[in-house]
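Please take these sequences and the hints and turn them into a complete structure.
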Amino acid sequence: AQTVTQSQPEMSVQEAETVTLSCTYDTSESDYYLFWYKQPPSRQMILVIRQEAYKQQNATENRFSVNFQKAAKSFSLKISDSQLGDAAMYFCAYRSRSGGTSYGKLTFGQGTILTVHP
Amino acid sequence: GAGVSQTPSNKVTEKGKYVELRCDPISGHTALYWYRQSLGQGPEFLIYFQGTGAADDSGLPNDRFFAVRPEGSVSTLKIQRTERGDSAVYLCASRDRNTGELFFGEGSRLTVL
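Protein sequences, first through last, are from chains A and B. In terms of the numbering used here, the first sequence is residues 188 to 305. In terms of the numbering used here, the second sequence is residues 356 to 468.
Derived contacts from chain B toward chain A, CB cut-off under 7 Å, selection only: (1) 403; (2) 459; (3) 461.
No wet-lab data here; the hints were simulated from the structure. Just so it is clear, the structure is predicted and the values come from calculations on it, not from any experiment. Ideal Cβ positions, reconstructed from N, Cα and C, are used throughout, including at glycine.
Laid out in structure tokens, this is it:
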């Protein structure tokens, strides 16, 4: 079974600064997806960024980028030019690429609360 | 609708009562997932539907929990004889068949007194 670990329960950053959220995972599979989701107080999980394990290039979405280290099973999220609207709970998640009865099922980490100070 | 809709948004019930939580997925999404999120934790998988059938129900904690999706669209999560430990946010998601991306609703917060 896969596990996802986020070792930072809380992080804080000043507006306009950069912050990095950490995530490690454990799997015996070679092909999979990794995700970062944002959960604001509305409770809706919003996809921030996605990385396919077979791609060596790190994914980037505007101010959000990842550092994917497959051998180390590490997947960190960097938020540049932090904005007040970035404040939320952030979850790292794993999904197998293989099909079968569990296709699409996500395994989440415990989450990191991000506070952005003006 | 435009997004995944979940009702009720909040539900308070007494220990031992029966509750139903409803999920209306994005139109055309055949895959639907239920997750449970306890306070301060990440969501945990409960059950996955492909069409009308439950393809994977390995996450249901015990036989008090049951889910249906009779017409392959709306799904209902049913909890019998609720316990205080069932208090959590229950999230529903549906999957875009082209991109594989999951779209989540805003969840139903269940509080068992």
